[in-house]
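Produce the complete structure using the sequences and hints provided.
Residue numbers (our numbering), protein chains in the order written: chain G, 1 to 267; chain H, 268 to 516.
Note that these hints are calculated values from the structure, not bench results.
Take these hints with a grain of salt, some might be off.
Stated by the list, open to error - In silico lysine to aspartate or glutamate, DMTMM-like type, Cα no more than 20 Å apart, as pairs:
(1) Lys436/H <-> Glu448/H
(2) Lys176/G <-> Asp361/H
(3) Lys438/H <-> Glu450/H
(4) Lys176/G <-> Asp378/H
(5) Lys212/G <-> Asp226/G
(6) Lys176/G <-> Asp373/H
(7) Lys339/H <-> Asp293/H
(8) Lys339/H <-> Glu327/H
(9) Lys438/H <-> Asp350/H
(10) Lys438/H <-> Asp499/H
(11) Lys176/G <-> Glu395/H
(12) Lys438/H <-> Asp425/H
(13) Lys339/H <-> Asp296/H
(14) Lys176/G <-> Glu368/H
(15) Lys212/G <-> Glu99/G
To be verified - Among the chain H residues that face chain G by a calculated CB cut under 8 Å, a handful are:
(16) Ala340
(17) Phe344
(18) Phe348
(19) Leu354
(20) Thr370
(21) His417
Ideal placement from N, C-alpha and C gives every residue a C-beta, glycine not left out.
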Amino acid sequence: MAAGRLTVGEMAQALREQYGPPLQFLVVVIAVWELGAWALEIPNWLLPPPHRILQRFLEARNLTYHTAVTLSEALAGFALSAILGPVLAAGIANMRFLERGVFPYIVLANAVPIVAIAPLLTVWLGYGVAPKVAVAMIISFFPIVTNSARGFASADYRIVRLMQSLNASRFVIFRKIQVPTALPYIFAGFKISLSLSLIGAVVGEFYGGGDKGLGYLITATAAQFDTPLLFVAVAILALSGVAFFQIATVFERRLIYWATADVATQR
Amino acid sequence: MLRDVGLVYRRRGREPLAALRGIDLDIRDRELFAVVGPTGCGKSSLLLLISGILDPTAGEIVIRGGPVAEAKARTEFGFIFQDAVLLPWRTALDNVRLPLEVTGYDAARRDQRCRELLAFVHLERFAEAMPHELSGGMKQRVAIVRALAHNPSILLMDEPFAALDEITKRKLHLDFLEVWEREHKTAILITHDLYEAIFLADRVAVMTPGPGRIRAIVPVDLPRPRTLEMRDSEAFVRQARAVRELLEG
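Structure below.
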């Protein structure tokens, strides 16, 4: 598992293997797009060519600001769910009342389309950042709760029996067995929810009537037929989602060192 | 000691299932007592009763003159399962230490105790290894000494060698006997392998299914320490045949 030291040549080789094919494909797509837009004389407002999008990216002002706003809203909403979700899940996994009485309503709430809740949150919380954070939180809550609850409930019954035979309290069993067992599941929920939280923040901005954030930028540029800038905003969102996911994966590997693929099947 | 013990599982929406009926066992102190029987004869339920995880629906169980709950309160039980069930986030040493952490064993001496135990089963060099780095047999050896860590007086073993290949199993039998002779605990071994039962135990109880009953208790006539050659001896073969005939019929 511990990879030995790689030479520079081997490292370059590994990078080529991983990133070579997608980069080649990207070059082809951009070339076809660029040539197609030029040959077919497609107007900028309909489908701008890649060089035009890049140009717009370089001349746009406030991009960093809009990006920062949306990312902070998403992360704040995610953070709230990442704290509350596992706490509630631990209760659901250990208390019959919560599992039977409360969990069905969480499922029900999740079945309501988030776009149907967003306007209501604006009515309640105003036009500021709060409703956007709330939408991001709500949308990221469900995957965290369900995955964590499953995790807390997956402690091996034999080890639980062993602990009970040692007169371990429920809290000790929770801390020493259930929590570590649940961690990989909790992280699986986190990874799903991080991408969702971005969607939540953007949806919140769509319906929130504010004047900042990438969601606002998308509605505003669409209204003005500034399609190149719209593409820029979409690309930033996509790349942010990928970045979130990658960062979460790094944390996961550090924190849950035992749950790599080859461990998962063994006990 | 079990006196006329019965166990009926109540099942929602179905007929209650009688798992055990009229079980009388007098297991002696520091004895290695094996229970053999076919799958589903209720022999694993026996361990659940002895350890107080389930209560019998008939009869009574007495451990060292007191009820099961008292023995449980004194943490007198050590468990070994078919799979090692090690915690994958803990090293071998930390897995062995788990019972010590829970029972409040002198914190300063925990690691030393665990290292000694791992040395009993020849794993001293693997103390810092993670479970996924250990073979199946090694994991089971860790599980065996984990069961001994808090110095229980009764070892409850539920088919502890059943998941191992034949060669590993024979080796582990010897390792286990070595540890057992050193620590000399009362051990109750549940198994479906009658050869294993005879090779390891002082006495073998033969169970029959539906509901589980004790058909006979056979004392094993082999000297200790046991050696692998004994498995080919005439005495071993004769006793194995006797137990097999009891099982079959």
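Return the numbers of the hints above that this structure violates; sort them in rising order.
15
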